[in-house]
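Protein chains in written order, with this note's numbering: chain P, 1307 to 1599; chain E, 1307 to 1599.
Just to be clear, a hint being listed does not mean it is correct.
Copies of one chain are not kept apart here, so a pair can be met inside one copy or by any two copies together.
Below, simulated DSSO-like cross-link-like pairs (lysine-lysine); rule was C-alpha separation at most 30 Å, straight line [unchecked claim]:
| hint | residue 1 | residue 2 |
| --- | --- | --- |
| 1 | LYS1324 | LYS1514 |
| 2 | LYS1514 | LYS1412 |
| 3 | LYS1513 | LYS1324 |
| 4 | LYS1412 | LYS1466 |
| 5 | LYS1546 | LYS1587 |
| 6 | LYS1587 | LYS1412 |
| 7 | LYS1430 | LYS1324 |
| 8 | LYS1587 | LYS1324 |
Hints were generated in silico from the structure; no laboratory data involved. These numbers come from a predicted model, not from an experiment.
There are 2 protein chains.
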Amino acid sequence: MTPGLCEDILYHLDLGTKTHNLPAMFGDIKFVCVGGSPNRMRAFAQFMHRELGLAGDGEDVADICAGSDRYAMYRAGPVLSISHGMGIPSISIMLHELIKLLHHAKCRDVTIIRIGTSGGLGIKAGSVVITDTAVDSSFQPRFEQVVLGDVVVRSTELDKDLAEELLACSREIPDFPTLIGHTMCTYDFYEGQGRLDGALCSFSSEKKLEYLRRAYDAGVRNIEMESTAFAALCGLCGLKAAVVCVTLLDRLEGDQIRASHEVLWEYQQRPQRLIAALIRKRLGLGPALLPAD
Amino acid sequence: MTPGLCEDILYHLDLGTKTHNLPAMFGDIKFVCVGGSPNRMRAFAQFMHRELGLAGDGEDVADICAGSDRYAMYRAGPVLSISHGMGIPSISIMLHELIKLLHHAKCRDVTIIRIGTSGGLGIKAGSVVITDTAVDSSFQPRFEQVVLGDVVVRSTELDKDLAEELLACSREIPDFPTLIGHTMCTYDFYEGQGRLDGALCSFSSEKKLEYLRRAYDAGVRNIEMESTAFAALCGLCGLKAAVVCVTLLDRLEGDQIRASHEVLWEYQQRPQRLIAALIRKRLGLGPALLPAD
Chain P
1307 MTPGLCEDIL YHLDLGTKTH NLPAMFGDIK FVCVGGSPNR MRAFAQFMHR ELGLAGDGED
1367 VADICAGSDR YAMYRAGPVL SISHGMGIPS ISIMLHELIK LLHHAKCRDV TIIRIGTSGG
1427 LGIKAGSVVI TDTAVDSSFQ PRFEQVVLGD VVVRSTELDK DLAEELLACS REIPDFPTLI
1487 GHTMCTYDFY EGQGRLDGAL CSFSSEKKLE YLRRAYDAGV RNIEMESTAF AALCGLCGLK
1547 AAVVCVTLLD RLEGDQIRAS HEVLWEYQQR PQRLIAALIR KRLGLGPALL PAD
Chain E
1307 MTPGLCEDIL YHLDLGTKTH NLPAMFGDIK FVCVGGSPNR MRAFAQFMHR ELGLAGDGED
1367 VADICAGSDR YAMYRAGPVL SISHGMGIPS ISIMLHELIK LLHHAKCRDV TIIRIGTSGG
1427 LGIKAGSVVI TDTAVDSSFQ PRFEQVVLGD VVVRSTELDK DLAEELLACS REIPDFPTLI
1487 GHTMCTYDFY EGQGRLDGAL CSFSSEKKLE YLRRAYDAGV RNIEMESTAF AALCGLCGLK
1547 AAVVCVTLLD RLEGDQIRAS HEVLWEYQQR PQRLIAALIR KRLGLGPALL PAD
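In isolation and in its complexed conformation, chain P is listed as follows:
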């Protein structure tokens, strides 16, 4: 951060060091969970409220960033739940301001987990993938950040112990499959992920399947749009980070997301239930008792 900056305005969060007492608001945060959709991250905060046995029903959780419509932020006990929108630029802005927030609030030993949705590769829709390595569209474990017009290559390593701990937690939740694999991160949902159904498409179904099979052979089990930047920025800033995404379809079988709203909503709860199990274990609360609703 800028030396001598006497006030730090976290513009897109509508928070700041002069306008808010960040240590009082956030100093006890131990877990930060981030995901694309504001509604989903609100539902996660409500779910965690119940899982942690906090007072009240948690239905009226307040959006801490209500003064901005760029992101939504909720808390349940030591858990912060924040939306990041879609794509690397959107999550990067949020992470820069979140990491500054955690610094200003003097938080210690924070674990950060992205709980997202993704397209699967060769695995059943509804499977949950814990990312061991985030890779780019060439299946390389790197994130290219442009700094003053020059490309800087960064590592996309995630915390291996945390991934293993999550996999161990998943064994307590037998009703959906969970696996560890590489996650491919792209800058685009249509052409960048080899979809044939965008407004533009310049390749054949055969070329698409050849690309997706090469990804599978390189160890990729799901595709999303934030993991490389998330891994790189969290890694450089010393945050223990994990990526846990549910797959909404198997991309080897199609491009369109055709499941019903109800099925998709239940799929989206799966990473939440896994993260709740981890947080309950870390806090000594024992295994989860409540099904998500």
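Using the hints provided, position chain E relative to the given structure of chain P.
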């Protein structure tokens, strides 16, 4: 689009060809205005409702994409107003689905304008920049799209006549400066735009200013995060497109956005007022009479 696709689900808009009568809902749309913030695009639809003299006060405009929280969409007469979130990946998803929507709805002669916020370069905060050319972080008029792992370079040309028509309209609005210039599009708000105040910063204030001055000398007058992808995709799909952004600060003078909410809100209305003047002129309604509120 995929040949033989019997149903097209526009997933992130929560619309589809089987579930919605897209020609009836959208066939008469002539103007599409897009911007990052859902609240701002709702306010723009309400403003256009009044500017077009439509029945009712327009305060209760409905979100056409209410079933999804990824984007918000409103309409006022022949004007569609849609949010796109922040960054190239987020706007790309929306544009793919919007362009398919316009195709399915059999819309003709649509003009599309991005009305956004940006950082200015060497111009007074609150100035409105009409983009002649969208350039990347090396000041080149190109957009690099990854397709099946390979980079495809695309033109970022915008409609010159539309830019000139907008500049002519701006002469009717004397209370803020409007100019034509290059717009630089980056993948990141902090390091990518040479800000010193992110969670990470590896360069000096001198290097930052040297980069920004080189951008100024190359003709860049503002910096945002969507214009190259917007220009490339609209251009390839035959949509006449413009980018009109207000500047919230002068980046040669600082990094943080320090203006009050009230000042920023008034700034954000400036591109809206310019676009309203264009639409009123095109529809033969004469110059705007109402100040924005």
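These are the hints, each one checked on the structure:
| no. | hint | verdict |
| --- | --- | --- |
| 1 | LYS1324 x LYS1514 | between (52 Å within a copy, 26 Å between copies) |
| 2 | LYS1514 x LYS1412 | between (47 Å within a copy, 29 Å between copies) |
| 3 | LYS1513 x LYS1324 | between (54 Å within a copy, 29 Å between copies) |
| 4 | LYS1412 x LYS1466 | within (25 Å within a copy, 51 Å between copies) |
| 5 | LYS1546 x LYS1587 | within (17 Å within a copy, 56 Å between copies) |
| 6 | LYS1587 x LYS1412 | within (24 Å within a copy, 55 Å between copies) |
| 7 | LYS1430 x LYS1324 | between (49 Å within a copy, 26 Å between copies) |
| 8 | LYS1587 x LYS1324 | neither (36 Å within a copy, 46 Å between copies) |
Of the numbered hints stated above, the single one contradicted by the structure is hint 8.
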